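Chains as they are written, first to last, in my numbering: chain C, 113 to 438; chain Z, 113 to 438; chain V, 113 to 438; chain R, 113 to 438.
Don't take every hint at face value.
Note: identical chains are not told apart, hence a pair may lie in one copy or across any two.
Simulated crosslink set (DSBU-like; lysine-lysine; CA at most 30 Å straight-line) [said to hold, decoys possible]: (1) K117 x K431; (2) K411 x K144; (3) K393 x K203; (4) K393 x K244; (5) K411 x K203; (6) K144 x K179; (7) K244 x K397; (8) K397 x K431; (9) K244 x K203; (10) K244 x K117.
Hint data in this document are derived by calculation from the structure and do not stem from the laboratory.
Fair warning: this is a prediction, and the values are worked out from it, not measured in the lab.
Residues per chain, in single letters:
Protein chains: 4
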Amino acid sequence: MPVPKANLYPDFNIVRLSHVELGVTNLAASRKFYADVLGLQVTDETATHIYLRAMEERGHHCMVLSKQDRPTVGALSFKVYSEVDLDAAQKWFETRGRPCAFGERPYQARTLHTSDLHGVPLEFYFQIDRLKPIHQRYELYRGVKPLRIDHFNCFSEDVDAAVAFYNDMGFRVTEYTEDEATGRLWAAWLHRKGGVHDIAFTNGSGPRLHHTAFWVPTPLNIIDLLDLMATTGYLANIERGPGRHGISNAFFLYVRDPDGHRIEIYCSDYQTVDPDLEPIKWGLKDPQRQTLWGMPAPKSWFEEGSLFEGVAPRPPALKSQPIIAP
Amino acid sequence: MPVPKANLYPDFNIVRLSHVELGVTNLAASRKFYADVLGLQVTDETATHIYLRAMEERGHHCMVLSKQDRPTVGALSFKVYSEVDLDAAQKWFETRGRPCAFGERPYQARTLHTSDLHGVPLEFYFQIDRLKPIHQRYELYRGVKPLRIDHFNCFSEDVDAAVAFYNDMGFRVTEYTEDEATGRLWAAWLHRKGGVHDIAFTNGSGPRLHHTAFWVPTPLNIIDLLDLMATTGYLANIERGPGRHGISNAFFLYVRDPDGHRIEIYCSDYQTVDPDLEPIKWGLKDPQRQTLWGMPAPKSWFEEGSLFEGVAPRPPALKSQPIIAP
Amino acid sequence: MPVPKANLYPDFNIVRLSHVELGVTNLAASRKFYADVLGLQVTDETATHIYLRAMEERGHHCMVLSKQDRPTVGALSFKVYSEVDLDAAQKWFETRGRPCAFGERPYQARTLHTSDLHGVPLEFYFQIDRLKPIHQRYELYRGVKPLRIDHFNCFSEDVDAAVAFYNDMGFRVTEYTEDEATGRLWAAWLHRKGGVHDIAFTNGSGPRLHHTAFWVPTPLNIIDLLDLMATTGYLANIERGPGRHGISNAFFLYVRDPDGHRIEIYCSDYQTVDPDLEPIKWGLKDPQRQTLWGMPAPKSWFEEGSLFEGVAPRPPALKSQPIIAP
Amino acid sequence: MPVPKANLYPDFNIVRLSHVELGVTNLAASRKFYADVLGLQVTDETATHIYLRAMEERGHHCMVLSKQDRPTVGALSFKVYSEVDLDAAQKWFETRGRPCAFGERPYQARTLHTSDLHGVPLEFYFQIDRLKPIHQRYELYRGVKPLRIDHFNCFSEDVDAAVAFYNDMGFRVTEYTEDEATGRLWAAWLHRKGGVHDIAFTNGSGPRLHHTAFWVPTPLNIIDLLDLMATTGYLANIERGPGRHGISNAFFLYVRDPDGHRIEIYCSDYQTVDPDLEPIKWGLKDPQRQTLWGMPAPKSWFEEGSLFEGVAPRPPALKSQPIIAP
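Next up, chain C with everything else stripped away, as it sits in the complex (with noise of 0.2 Å):
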């Protein structure tokens, strides 16, 4: 079995991911996909940032538009228990080689810049600005309703490497592909939080940001959003979905933002806190694994990601392929 044994006691604790920084071109279009269509509230912005929170959350944002010249990622976002985990993180990224900073963030504290095995950029705080709930002022609610950031997806040249660097760092693997032919990992899902997963890394062309999530209350919120965007111009951005993955059980939308970035609307997937909870294997070749109803997946989907700022992405050593939409 290619997924390694959890690590229960980790160096450091973190609690969950916490938000993404994507550089968009345009920031007047990329509000209006964000607040407006999708319903995100925007918690600050100046002229060159936009801050933005899901509807349950009390941290300051879950993502940060940039005006940039051309799409990228910024870094990850986690958010650690203390600032002793800080420190700690620091000292576990040094001790892999990793270039480790502290820097300032606006509404943050102490925040460790890094990087993982691959050049991902990471960073980590214990502090964010706090905000007041909102999540019974139902006027504010629009869009899909979104309730919280739920997870990342990467492309990653290494799959089994890569799980192996988080599993170390304390992720815990929920469910995971293996590519039969060769035994080795193709995709992996991996939590702190409690659910299916914080992070996930697929097999292809990597590093690359395949899609950051949100949860949704229930698969008719997703439906809403199909009709809003089909009938405000924006068909050609719906990319996949509406479906249910056999990974995660969830009930999943695929979108593109206006730059490009790929966002998952995904909801009812299950509770992980169990320390002895098995990972669920699922086969490359099985085609319930990605779809365990809906179409497949298009070319796209499986293809195209968002550059890390300054990460130039290298071809994947394992070249099994899942089954594309034709």
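For chain C, the structure is supplied; the task is to place chains Z, V and R on it using the hints.
The following block gives chains Z, V and R in isolation, referenced to the frame of chain C:
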């Protein structure tokens, strides 16, 4: 404009579509599909026939499964307002040169057997055995929780001619597709009972039955059915959807029964009782005509249909084609 | 059995209920309630009137708000099939000694003004301005996403007499409540358009308007409205529900507008187009009659109603009372 | 502020609530209620015990029904992270003068039996038999489609003391009700697993178990359960709801089992994994505290609870009362 003026004072009064008889090759397999998976209620069964009704229907059946050597379709059955309308119907069909006969059907009073301009076998009755309501016996609800039969959809070799024929019979067009190149009708939806349609015609090798549709309460029931079919051996029976039609605005799913007969699960169309309701026009090349959002329909959906017993289909005069999934 | 035999060939053809004029004391407050909270669309407004339609309606309005010194109700308006039916309606009402006059209404062609046996002001028209469809303009959906006006419900001082009058007009009883002690009708639901009712009568000081109902897609829309009202200052306007009626099987919610006019939000009743549909009988003391499940209705729900302009209510002959919440 | 500072580094690591044993007087009647009506899955049964799990659980059971002469509650059971935590738990409870013993339980490894400050019997285990996933076996879903056990709620004669005790154990307060008159806690919600609560305490004659809650996917599942219970002889078992709690923001329903044990059906609360999550304060007299919308809770809901075996309840010190339905 290719749609004829509605005939608001037809010669006889059709209330609604009522039922269809499907020839199936394996009664047990079909019973499992319609009763256990879709959730229709068996109201009677013999060695050769199974009678089914949906949850809010009080007429004895909306579908008859009949054991046959190969899949076929018997008559499309309609309920008329009173016995007087039966005799007026006979006169109407005889005037148009269609063969007419009164015959017996189990559970039905006097029944007119005839056929439409292209040979589709039709039946009209005014009285069928009435059963006790079961719409509040919630322990009986299963599968997709079908509430009532909603409509028939037929391939037609000449949609203009079919629409003229049914329009004269009192069916009213609610939406239609025009082939912009020729100005001819490519498809049309016509109603009697106050929804978007009791019957529709689509250009193609005809006459053949494209599908029979059932009305369900909400899109979530359709998602429940997808989950059930995808995990109980019926994955390959899911043909198209879920999605929302541009035409009719309905949320839909198409599935195939064990013999390949196509069933649509359908909800959320609109009320059409106004006699001055303006038909909505769609261009054949409008990508949101068939699919407001969702994957394009597969080839099978455009090409395959069920044969009416003893009626050989003819190729359509109109060669224009809509958008088909590759 | 106290329900008269359905009149299947009435003297004139009523298509459906159409709209109601509510006298309100503060147009701005009422606009906010009906347009911003409930989600009806404003189709026109003047200094004294606001016209509203629901999302799938193409007639100009289903509700008119009219500035008045005190809350009142104008006429209950119905659409007839054609101008011929208008003249037949006049004759029908005059035969019964009701005052008749043809008058002008904005956006409507020739309109008959009359009243029912108990003095309820009624209007009949055959033609109203038609507007472009908006049912697929999903960016306009708000609040409870009202799709169409569904029915009126009136207090009546003599339900037997009211049912006889409307039955003769062609309305057909779908369900009714019998006072077992006297064998008289305590309430009845009558339809023209193929749902459970266009109008209902309940025993009580009458005539008064108990409520006007709007049809919405699913129970979740009603829950959305409850969340919205409960957190935007409208908590006290929620009068009863949510629950499911035994009668009609509908999922319901009753709210009060700023002047106390009662609005029902309603979904999931059933189709009633069959002319031989048997009315369903309920006993007055059956606790599941009003409420299949949910709390019993409060006293206000049984006692309070809106006055028709210039019509003084009279106490009901029948003194029997249903179950009321303490 | 009456809420103690969260203990972020407790002496032992509780993962989540796990299961409860209910003493029932008629196993067959209880099996019907929990398995057929609610939809829990039977994982084992003997002449005296029935073991049940919810659809996404892989631990052997979340509820044990045990044949008894009268209704009682056995221990509230919690899963700890590892065997090391079991021993640390023993030490923690012994330090506080609570009786501790290790004993056997079917399907569980070494189990600590103890009790809380007020005598509530508690069990801690680190390992229970693991079963194959069934969350994608959709043909098994029934009733309300329960996904997992969510929380316990107990009457407590001294909520301040109970919160101090459990807070020290590592439970974190997410929301609480303060009695404004005395500044004391009237109720509190505390979690381990990242939702609003694993356990809650409400002022009242205690200790008694107020209810055990199950998490379901959407409000529509709760409406389905109401329809089912209302038409299959369980109308009187519906005690309160549906409604939305102010506290927790959850959509809820309370039902009583055949012995009167109370079960909450619960969905749509929020994620609470942040260690710096600020508890939300509610005033006891805030009408939207218990009920954001919906009818006030009935008297039985505030007064009735299940006795823990061999533990006599004592009246609460705090006499303040919330709003109760008349």
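Verification of the hints:
1. K117 x K431: Only inside one copy: K117 and K431 sit 26 Å apart there, 53 Å across copies, limit 30 Å.
2. K411 x K144: Answer is within; shortest intra-copy Cα gap is 27 Å, inter-copy 37 Å.
3. K393 x K203: neither (33 Å within a copy, 39 Å between copies)
4. K393 x K244: between (41 Å within a copy, 12 Å between copies)
5. K411 x K203: Classified as neither; 41 Å inside a copy, 58 Å across copies.
6. K144 x K179: Classified as within: same-chain Cα gap 14 Å, cross-chain 38 Å, threshold 30 Å.
7. K244 x K397: So K244 and K397 pass the 30 Å test across copies only (22 Å; inside, 47 Å).
8. K397 x K431: within (13 Å within a copy, 39 Å between copies)
9. K244 x K203: neither (34 Å within a copy, 39 Å between copies)
10. K244 x K117: between (40 Å within a copy, 19 Å between copies)
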